[in-house]
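Each chain, written out:
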Amino acid sequence: MIRIDSVTKRYPDGTVAVDRLSLDIPDRAITVLVGPSGCGKTTTLRMINRMVEPSEGGILLDGKDIRQQPVNTLRRSMGYVIQNAGLFQHRTILDNIATVPRLLGRPKQQARARAAELMERVGLDTALAKRYPYQLSGGQQQRVGVARALAADPPVLLMDEPFSAVDPVVRKGLQDELLRIQSELGKTIVFVTHDIDEAIKLGTMVAVLRTGGRLAQFAPPAELLSAPADPFVEDFLGADRGIRRLSFFPTTELELQTAPVVAVDAGAEQLASRAGAPYLLVTDLDGRPLGWSEPDRLTAGAVDTDRLLPYGRPFVPGTDSLRTALDGAVLSPTGWAVAVDGEGRAVGVVSQQVIGEAIRTAHSRVAEQAAEHAAGQAEVKAG
Amino acid sequence: MNGFFDLPSDLQHSYLGLVGLHLREALLPVLAGLLLSLPIAQLCVRFRWVYPPVLGLTTVLYAIPSLAFFVVLIDYFGQSETTVMIPLALYSLVVLVPAIVDGVRSVPPETLAAAQAMGFGAVRRYFQVQLPIAVPAIIAGLRVATVSSISLVSVGMLIGNQGALGNMLYDAQIYHRPVLAVNAVLTIAVLGLLADAALVLVRLLLTPWMPRKGAAR
Ligand SMILES: Nc1ncnc2c1ncn2[C@@H]1O[C@H](COP(=O)(O)OP(=O)(O)OP(=O)(O)O)[C@@H](O)[C@H]1O
Ligand SMILES: [Mg+2]
Numbered sequence: 001m002i003r004i005d006s007v008t009k010r011y012p013d014g015t016v017a018v019d020r021l022s023l024d025i026p027d028r029a030i031t032v033l034v035g036p037s038g039c040g041k042t043t044t045l046r047m048i049n050r051m052v053e054p055s056e057g058g059i060l061l062d063g064k065d066i067r068q069q070p071v072n073t074l075r076r077s078m079g080y081v082i083q084n085a086g087l088f089q090h091r092t093i094l095d096n097i098a099t100v101p102r103l104l105g106r107p108k109q110q111a112r113a114r115a116a117e118l119m120e121r122v123g124l125d126t127a128l129a130k131r132y133p134y135q136l137s138g139g140q141q142q143r144v145g146v147a148r149a150l151a152a153d154p155p156v157l158l159m160d161e162p163f164s165a166v167d168p169v170v171r172k173g174l175q176d177e178l179l180r181i182q183s184e185l186g187k188t189i190v191f192v193t194h195d196i197d198e199a200i201k202l203g204t205m206v207a208v209l210r211t212g213g214r215l216a217q218f219a220p221p222a223e224l225l226s227a228p229a230d231p232f233v234e235d236f237l238g239a240d241r242g243i244r245r246l247s248f249f250p251t252t253e254l255e256l257q258t259a260p261v262v263a264v265d266a267g268a269e270q271l272a273s274r275a276g277a278p279y280l281l282v283t284d285l286d287g288r289p290l291g292w293s294e295p296d297r298l299t300a301g302a303v304d305t306d307r308l309l310p311y312g313r314p315f316v317p318g319t320d321s322l323r324t325a326l327d328g329a330v331l332s333p334t335g336w337a338v339a340v341d342g343e344g345r346a347v348g349v350v351s352q353q354v355i356g357e358a359i360r361t362a363h364s365r366v367a368e369q370a371a372e373h374a375a376g377q378a379e380v381k382a383g
Numbered sequence: 001m002n003g004f005f006d007l008p009s010d011l012q013h014s015y016l017g018l019v020g021l022h023l024r025e026a027l028l029p030v031l032a033g034l035l036l037s038l039p040i041a042q043l044c045v046r047f048r049w050v051y052p053p054v055l056g057l058t059t060v061l062y063a064i065p066s067l068a069f070f071v072v073l074i075d076y077f078g079q080s081e082t083t084v085m086i087p088l089a090l091y092s093l094v095v096l097v098p099a100i101v102d103g104v105r106s107v108p109p110e111t112l113a114a115a116q117a118m119g120f121g122a123v124r125r126y127f128q129v130q131l132p133i134a135v136p137a138i139i140a141g142l143r144v145a146t147v148s149s150i151s152l153v154s155v156g157m158l159i160g161n162q163g164a165l166g167n168m169l170y171d172a173q174i175y176h177r178p179v180l181a182v183n184a185v186l187t188i189a190v191l192g193l194l195a196d197a198a199l200v201l202v203r204l205l206l207t208p209w210m211p212r213k214g215a216a217r
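Quick mapping for you: the protein sequence lines, in order, are chains P and R. The numbering of the first sequence is UniProt numbering, which starts it at 1 and goes up by one. The numbering of the second sequence is UniProt numbering, which starts it at 1 and goes up by one.
Isolated chain P (complex conformation) (with noise of 0.2 Å):
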């Protein structure tokens, strides 16, 4: 674990950069540090590996003070990743890589070896290696920058805005491909960025920073979208975080209606038989959903597919978040969504009344879970 303990930053000008924060970075998990410009992120990222030195206070590593080793092997055992990649440019991409390994002094062979093997690692193509920087695109480098980082498979990883130079098709890649190398790695990230919506996709723990150095809030992203701290995280949070919030509840419960659906195919008996609902789905021969349409606007057997109303975005029942089934629902023009398996067949229907109801009994699940926590630590207090 990563103890900042009590951690003040003046710079020589006065200006105090970070203001007696504490936070202990968990293990093997995304921590994320968000907060405006200025408020001192890249600051605190870099007293973790000494590139800048706090004026008070002290960070542990392993409950070791940080000053205790050599500085140059400190920051060998930490990987750095930061805007715009940094990317040596007058080396190839495999000897960028291979980078803290040789300063290691693994053997140029091995080391170049770990090289190949961390690009495939982070998705590039390693008839790439032999380029020099300036001939891959900004994600591409970015990519470099996340593979010279793991290099050395150092257990902790500092990345300072890192996908914040690309734009976002090619940042939310980047994300889930960071999300994908973790689930794969569990380093211990530390992660600056000052997009909110990146620290709520990325961060395990996410640490609310205000200008002037100080924390406003450290929490996991839920936490911080159903209690915000104070005003200043709830403003830094934006006016949709209710509907963000939803990204956190899981579809599992959400009773699925089967007898809207049909094929096709459908024969006459099959569509009189459904005739109560508003709407039908129909769905071609394999399942898949083509359509919605009003139940007695179709023919038996012989359904114009061309008059289909479309169906919105479909979600995965106990992948996808209710966030996703919400907007399935909002995206239909009838007003339901649309259930698929993980082959897109479709498993059924539900309405917004229904996920209406689940985000409601998600709500007061969690507000119970609070309170038993309060009371819980009102126990050990008073215990």
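Worth flagging that the hints you see were computed from the coordinates, not collected in a lab. Be careful, since some hints might not be right.
What the hints assert, rightly or not - Restricting the straight-line Cα-Cα distance to at most 20 Å, the calculated cross-link-like pairs of lysine to any residue (SDA-like) are:
| no. | chain 1 | residue 1 | chain 2 | residue 2 |
| --- | --- | --- | --- | --- |
| 1 | P | Lys172 | P | Met119 |
| 2 | P | Lys64 | P | Val156 |
| 3 | P | Lys108 | P | Thr126 |
| 4 | P | Lys108 | R | Arg125 |
| 5 | P | Lys172 | P | Pro154 |
| 6 | P | Lys130 | P | Gln110 |
| 7 | P | Lys130 | R | Pro211 |
| 8 | P | Lys108 | R | Phe127 |
| 9 | P | Lys201 | P | Ala259 |
| 10 | P | Lys108 | P | Ala127 |
| 11 | P | Lys108 | P | Arg131 |
| 12 | P | Lys108 | R | Arg124 |
| 13 | P | Lys130 | P | Lys172 |
| 14 | P | Lys130 | R | Arg212 |
| 15 | P | Lys130 | R | Trp209 |
| 16 | P | Lys201 | P | Ala219 |
| 17 | P | Lys108 | R | Pro211 |
| 18 | P | Lys130 | P | Val156 |
| 19 | P | Lys64 | P | Asp24 |
| 20 | P | Lys201 | P | Thr92 |
| 21 | P | Lys108 | P | Asp95 |
| 22 | P | Lys201 | P | Gln175 |
| 23 | P | Lys172 | P | Asp153 |
| 24 | P | Lys130 | R | Thr207 |
| 25 | P | Lys130 | R | Met210 |
| 26 | P | Lys130 | R | Gln128 |
| 27 | P | Lys130 | R | Arg124 |
| 28 | P | Lys172 | P | Val52 |
| 29 | P | Lys201 | P | Asp235 |
| 30 | P | Lys172 | P | Asp24 |
| 31 | P | Lys172 | P | Arg131 |
Place chain R with the ligands on chain P using the hints.
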């Protein structure tokens, strides 16, 4: 053109001998200048306040006529090649020091931060990151310094046959053979062009990592 390459015997060299001598007298000072500039430039990068006075000093050195240098240096080194080469080496500083300083400073701050974060010590960072990235700027400086040094060697004729190809200019006068002067000037120009081309080639070989002109992105 009979005897274009036949030189008077007082030059004590064949044509090619003079060319070799000329190159040595021109290039050794640039090499010495480079070796001198590297630490000076590094000082200027480390301590910003050092740079303006150093720049001022190199400019003043450049403004001193070589004749003045010769007057002082002859007392120590006589009428020798060394006497000619010392001022040339000092002149090269005026181009090389700023070229190296600019080159080293052109390394992007995030590259330096990355190097620091990966655990490069200062020395390793200088030799493995800053210097290689400064190579294009350094060679640009070397090109100017080399060409000017090749043309400046000729003044060595002022201290008695130490001007290599420049000595031919003197002989052209005393023997009334203007063709000798034409030969000297043309040869010096060709040497300058060849040296310049050689440096461009060196740069291309040393910097495969630079975006090529005309190449996509
Ligand atoms: N070397 C320095 N000397 C003086 N002040 C500094 C220095 N580095 C940073 N600061 C100041 O410290 C404060 C925090 O800077 P820091 O770079 O940590 O912010 P940040 O949260 O990373 O901001 P951003 O999101 O813009 O990157 C700022 O007010 C900044 O101006
Ligand atoms: Mg920053």
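Hint by hint, here is what the structure shows:
Between P:Lys172 and P:Met119 the alpha-carbon distance is near 19 Å, which keeps this suggested pair within the 20 Å criterion. For the hint linking P:Lys64 to P:Val156, the alpha-carbon distance of about 15 Å falls within 20 Å, and the restraint holds. A hinted pair counts as satisfied when its Cα atoms are at most 20 Å apart, and P:Lys108 with P:Thr126 qualifies at roughly 17 Å. Of the supplied pair hints, the one linking P:Lys108 and R:Arg125 holds, its CA atoms being roughly 19 Å apart against a limit of 20 Å.
Between P:Lys172 and P:Pro154, the direct Cα distance comes to roughly 25 Å. Violation of the 20 Å bound is thereby established for this hinted pair. At most 20 Å may separate the alpha-carbon atoms for a hinted pair to count; P:Lys130 and P:Gln110 meet this at roughly 16 Å. Restraint check for P:Lys130 and R:Pro211: the C-alpha separation of about 14 Å stays at or below 20 Å, so the hint holds. Annotation: proposed proximity of P:Lys108 to R:Phe127 holds, straight-line Cα distance about 18 Å (limit 20 Å).
Under the criterion of a C-alpha separation no larger than 20 Å, the hint pairing P:Lys201 with P:Ala259 is inconsistent with the structure, at around 35 Å. For the proposed pair P:Lys108 and P:Ala127, the alpha carbon gap of about 19 Å is at most 20 Å, so the pair holds. For the given pair, P:Lys108 sits about 18 Å from P:Arg131 by alpha-carbon distance, which is consistent with the 20 Å threshold. At roughly 17 Å between alpha-carbon atoms, P:Lys108 and R:Arg124 fall within 20 Å of each other, so this suggested pair holds.
Between P:Lys130 and P:Lys172, the direct Cα distance comes to roughly 27 Å. Violation of the 20 Å bound is thereby established for this hinted pair. For the hint pairing P:Lys130 with R:Arg212, the CA-to-CA distance comes to about 16 Å; that is within 20 Å, so the pair holds. Only pairs whose Cα atoms come within 20 Å are accepted, and P:Lys130 paired with R:Trp209 is accepted, the gap being roughly 10 Å. Simply put, P:Lys201 and P:Ala219 have alpha-carbon atoms about 14 Å apart, close enough for the 20 Å limit, and the pair holds.
Restraint check for P:Lys108 and R:Pro211: not satisfied, since their Cα atoms lie roughly 26 Å apart, outside the 20 Å limit. Straight-line distance between C-alpha atoms of P:Lys130 and P:Val156 comes to about 28 Å, which puts the hinted pair past the 20 Å bound. A distance of roughly 14 Å separates the Cα atoms of P:Lys64 and P:Asp24; the hinted pair therefore holds under the 20 Å criterion. Between the alpha carbons of P:Lys201 and P:Thr92 the distance comes to roughly 32 Å, so the proposed pair goes past 20 Å and is violated.
This hinted pair checks out: P:Lys108 and P:Asp95 have alpha carbons roughly 9 Å apart, not beyond 20 Å. With a C-alpha separation of about 8 Å, the suggested pairing of P:Lys201 with P:Gln175 holds against the 20 Å cut-off. Annotation: proposed proximity of P:Lys172 to P:Asp153 is violated, straight-line Cα distance about 24 Å (limit 20 Å). At most 20 Å may separate the alpha-carbon atoms for a hinted pair to count; P:Lys130 and R:Thr207 meet this at roughly 14 Å.
Restraint check for P:Lys130 and R:Met210: satisfied, since their Cα atoms lie roughly 14 Å apart, inside the 20 Å limit. Of the supplied pair hints, the one linking P:Lys130 and R:Gln128 holds, its CA atoms being roughly 18 Å apart against a limit of 20 Å. For the hint linking P:Lys130 to R:Arg124, the alpha-carbon distance of about 23 Å lies beyond 20 Å, and the restraint is violated. With a C-alpha separation of about 30 Å, the suggested pairing of P:Lys172 with P:Val52 is violated against the 20 Å cut-off.
Of the supplied pair hints, the one linking P:Lys201 and P:Asp235 holds, its CA atoms being roughly 18 Å apart against a limit of 20 Å. Among the hinted pairs, P:Lys172 with P:Asp24 is inconsistent with the structure: their alpha-carbon atoms are about 28 Å apart, more than 20 Å. Restraint check for P:Lys172 and P:Arg131: not satisfied, since their Cα atoms lie roughly 25 Å apart, outside the 20 Å limit.
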